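S.K.: These protein sequences, in sequence, are chains C and V.
Quick note on numbering: our numbering labels position 85 of the first sequence as 85, and the sequence is numbered without any gaps.
Quick note on numbering: our numbering labels position 86 of the second sequence as 1086, and the sequence is numbered without any gaps.
Rather than coming from a laboratory, the hints here were simulated on the basis of the structure.
Everything numeric in this text was worked out from a predicted model, so none of it was measured.
The reader is advised that the hints may include incorrect statements.
Unchecked claim - One-sided excerpt, in silico: chain C residues whose CB lies under 10 Å from chain V:
(1) Y6
(2) P9
(3) A60
(4) P63
(5) I69
(6) N98
(7) P102
(8) L162
(9) D342
(10) Y343
All residues carry an ideal CB built from backbone N, CA and C; glycine is no exception.
Each chain, written out:
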Amino acid sequence: MLDLSYDSPKPKVIAGAKHDWELVIGMEVHAQVATRAKLFSGASTRFGAEPNANVAFVDAGMPGMLPVINEACVAQAVRTGLGLKAEIHLTSAFDRKNYFYPDLPQGYQISQLYAPIVGEGEVLVELGDGTARLVRIERIHLEQDAGKSIHDMDPALSFVDLNRTGVALMEIVSRPDIRGPEEAAAYVAKLRQIMLYLGTCDGNMQNGNLRADVNVSVCLPSAYEKYRETGDFSHLGTRCEIKNMNSLRFIQQAIEHEARRQIAIVEGGGKVEQETRLYDPDKGETRSMRSKEEAHDYRYFPDPDLLPLEIEQAWVDDIAAALPELPDAKKARFIGDYGLSDYDASVLTADLDAAHFFEATVAAAGDGKLAANWVINELFGRLKKEDHDIADSPVSPDQLGKIIKLITSDAISGKIAKDLFEIVYTEGGDPDDIVEARGMKQVTDTGAIEAAVDEIIAQNPDQVAKAKQNPKLAGWFVGQVMKATGGKANPKAVNEIVSEKLGL
Amino acid sequence: MSDLNKLTIAGARDALRKGDVTSVELTEACLAAIDGADALGAVVHKTPEIALDRARAADARIKSGDAPAMCGIPLGIKDLFCTEGVPSQAASKILEGFRPEYESTVSGLLRDAGAVMLGKLNMDEFAMGSSNETSVYGNAVNPWRAGNSDAALTPGGSSGGSASAVAADLCLAATGTDTGGSIRQPAAFTGIVGLKPTYGRCSRWGIVAFASSLDQAGPMTKTVRDAAIMGQAMMGHDPKDSTSADLPVPDFEAMLTGDIKGQVIGIPKEYRMDGMPDEIEALWAKGREMLQDAGAVLRDISLPHTKYALPAYYVIAPAEASSNLARYDGVRFGYRAKLDQGDGITEMYEKTRAEGFGAEVKRRVMVGTYVLSAGFYDAYYNRARKVRALIKRDFDQVFEGGVDAILTPATPSAAFELGQTHQDPVEMYLNDVFTVTVNLAGLPGISVPVGLDGRGLPLGLQLIGKPWDEGGLLNTAYALEQAAGFVDKPVKWW
Chain C
1 MLDLSYDSPK PKVIAGAKHD WELVIGMEVH AQVATRAKLF SGASTRFGAE
51 PNANVAFVDA GMPGMLPVIN EACVAQAVRT GLGLKAEIHL TSAFDRKNYF
101 YPDLPQGYQI SQLYAPIVGE GEVLVELGDG TARLVRIERI HLEQDAGKSI
151 HDMDPALSFV DLNRTGVALM EIVSRPDIRG PEEAAAYVAK LRQIMLYLGT
201 CDGNMQNGNL RADVNVSVCL PSAYEKYRET GDFSHLGTRC EIKNMNSLRF
251 IQQAIEHEAR RQIAIVEGGG KVEQETRLYD PDKGETRSMR SKEEAHDYRY
301 FPDPDLLPLE IEQAWVDDIA AALPELPDAK KARFIGDYGL SDYDASVLTA
351 DLDAAHFFEA TVAAAGDGKL AANWVINELF GRLKKEDHDI ADSPVSPDQL
401 GKIIKLITSD AISGKIAKDL FEIVYTEGGD PDDIVEARGM KQVTDTGAIE
451 AAVDEIIAQN PDQVAKAKQN PKLAGWFVGQ VMKATGGKAN PKAVNEIVSE
501 KLGL
Chain V
1001 MSDLNKLTIA GARDALRKGD VTSVELTEAC LAAIDGADAL GAVVHKTPEI
1051 ALDRARAADA RIKSGDAPAM CGIPLGIKDL FCTEGVPSQA ASKILEGFRP
1101 EYESTVSGLL RDAGAVMLGK LNMDEFAMGS SNETSVYGNA VNPWRAGNSD
1151 AALTPGGSSG GSASAVAADL CLAATGTDTG GSIRQPAAFT GIVGLKPTYG
1201 RCSRWGIVAF ASSLDQAGPM TKTVRDAAIM GQAMMGHDPK DSTSADLPVP
1251 DFEAMLTGDI KGQVIGIPKE YRMDGMPDEI EALWAKGREM LQDAGAVLRD
1301 ISLPHTKYAL PAYYVIAPAE ASSNLARYDG VRFGYRAKLD QGDGITEMYE
1351 KTRAEGFGAE VKRRVMVGTY VLSAGFYDAY YNRARKVRAL IKRDFDQVFE
1401 GGVDAILTPA TPSAAFELGQ THQDPVEMYL NDVFTVTVNL AGLPGISVPV
1451 GLDGRGLPLG LQLIGKPWDE GGLLNTAYAL EQAAGFVDKP VKWW
């Protein structure tokens, strides 16, 4: 285990009219597997193609067409499982989930109900306040995505785009271990981060490449603990499933609304009906999609077109050996090796590009803490102003490292360094050359500073008198000296000389 | 040469290679026979232009010295096979107008070997039936007639068109598919040879699926030798079918020595059914005697779970079919019902499927949907799977005990009159009683014509082989064929 110890967060409590209520949340996250081809066909998975351009005969459910598993998708699922410290099942199997819909051309979705490829795992979900929730993963299975039905292009007709049909999804199923809206969002964000590190999902929620079904129920305090002790779900309230959400913000809002809806029902003497609901972000409410009675009977059965999927331990071991460093380990290392704060390490490991940038900067600068400050405060701030990603940064880690090195070698002051950064950011160039060419080097020659101090004192007798009464006014002299030297004077030296000359 | 359409594959191959005949001549003879045989209802989409193009190409190939065994051989292709640019309807209205943009692996292998496609052959709708009466094209008719009767007989099913066409010499051979006996039963009813290979031998890619875990393509031919030649050309690993076996296909014809001395032939007691006609019993006895005379050792064996095979089959096959046939929804291809104002997607599904599927298909889709539904899955589908495993184990144990092949009747009766059993589906299902076990266990089976019944109708025996031992099975069948000396042909009335 990693050497990161956290306290568990307190569950979210919502005060009802009669009681306090706690939330219990389990999630099914659908992550599109990052591969070039679909799960059972060679068709491309590229987003944004012309409608129905990425469709093989098997995707269109043409007669006699047969699925053949794409090894790359299996490897990505295994990689994801390993990233979630989960059990990898060397034998898994595919089942058909039968239902009719025009964007499901086969009339069934190939999924893994009875024998998923990945079993139990866990994810540590850090929250901003220094606490973290360990969420248990129940399983990950591979399945086909459906296509897209478009109902709003024509008053009488519906259109179908099969580009997404058959694209591989990983369904990551959690245990009901999530205890509040913020935790739910943080959980999805953490899964996203891990998968981005692994390269198994592009994490693009806007395109629907990462989306979640959220199971929400409410219970009285201490009921959840009874469930954890016994494994008996009857301690928990009846859950409702909110389908298909692709925004962290909406996930939080939907959970909050749904919990309050359920509390109102229960406190009003009613019973929550188990059902599938949809969240309407415009109205800020969830509404029923189908009740338990209306639930489809999917008639799952083993897909006879596919033999059980057998993988070898040696193959899994190879994938495990080639796994990149994951967020938790990287964060721990940043804290340990560079002496970063938990917060800074979190910020720098949130995104893999940022982490790479930081480490390259450290390599050039030689000072981890300072490099973290500069990357987080100056660089991120500046990039954010122009809505740029770290990948588009006009300042390279090497350039930033040199700027930091100029500070640590006392060649320039922190203030000049900010000017230098701005020059490098907007104009480019080698920081050492710029400092040299533009005379930005810090003046540490005490003779020159003394001369400047003497001149200011001589010109401002009134201020001198005031300063002698009130030593705080020495700062004014320091400012004047810095101004006179174009900011290049070593501020520490100026301070000392001003104090000395004023006799403070 | 005259009556070229009456040649066997082996005979035609040798004549082609010698230059005694051209593929164009063979093909023209078959096309003429087909044109004169509309009364048989065997050929449902004639493709004379494709046939002659391929025949010419085959002749050029033969001339250049590059001629695989099937090169230039005119064949009929069951309508269940998707054939590029040619209607492929599985004898269903719901696939009306469907012309695939692809060629099934098996028909593609035959095409690439130079074989000539004459047309598409009749069958039961989606291969569901044992009499060819569920076809949207109307039934195919058996070229054989009983005695002096002119009553139309079934050619069997589901590969009824294939059986009728081969028996009537409309083609030299035909492709069939066999899910519960659909090659072997019609072969037996029409006095020809039908081979169902081991599950996984022939690719299922491009064949309209009925029950994926049972479906298997195979040759329907005039002789065992032809089954060896054509079967070999149809088999082989296909990476596009995950259930296709990556095993080499031996030279079956070279294995036809007729020598079966010391081969152990199992005789399963469970296939001796109550109410079985004496003629079938007598035929079976004759078969045993012939194999014994040829040097084989007979051994009484037991396959104790046989009696559960039919019910298990009629759970598993409809279950898979109900899912496989979900894609016929009127959205992308084939038939779509005319819709009324205000009809939505549900009405489109309901009307399309109600109008597009025939009664037997609907019956099986409903049965399949029922046995897979929540609350019934374990009682029906899961139990049937367990029974299936037991049936397979019965066979495994027998083969492990040293049995090389098993001899049974192919069908419980000779060909029956069309329209006779149509009203009682269960009676129709009983036709498969000797054949379904072979599909459930995934084994190779072959039906060989052995004699005529009292009314002059052909009867066949079935040999069941070890997995992947089509070579040995064909050789035993060859020995049986030699001993039986069955040479009768139907008297032409059409």
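S.K.: Can we keep the Y343/C interface hint, with Cβ of chain V closer than 10 Å?
M.R.: violated, 50 Å
S.K.: Quick check on the hint: A60/C CB to chain V CB, less than 10 Å?
M.R.: holds, 6 Å
S.K.: Is the hint on L162/C kept, meaning its closest Cβ partner in chain V is under 10 Å away?
M.R.: With Cβ-Cβ at 9 Å, under 10 Å, it holds.
S.K.: Against chain V, is P9/C within 10 Å by beta-carbon distance?
M.R.: violated, 38 Å
S.K.: Can you verify the interface hint for D342/C: is its Cβ closer than 10 Å to any Cβ in chain V?
M.R.: violated, 49 Å
S.K.: Taking the least C-beta to C-beta distance, is P102/C closer than 10 Å to chain V?
M.R.: At 5 Å from the nearest chain V Cβ, P102/C passes the 10 Å test, so the hint holds.
S.K.: Hold the hint about I69/C up to the distance rule: shortest CB distance to chain V must be less than 10 Å.
M.R.: holds, 7 Å
S.K.: Double-check N98/C for me: the hint is only fine if its C-beta lies closer than 10 Å to a C-beta in chain V.
M.R.: holds, 5 Å
S.K.: Can you verify the interface hint for P63/C: is its Cβ closer than 10 Å to any Cβ in chain V?
M.R.: With a minimum Cβ separation of about 5 Å from chain V (threshold 10 Å), the hint on P63/C holds.
S.K.: Should the hint that Y6/C touches chain V count as held when the rule is a Cβ pair under 10 Å?
M.R.: violated, 42 Å
Comparing the model with each numbered hint stated earlier shows that hints 1, 2, 9 and 10 do not hold.
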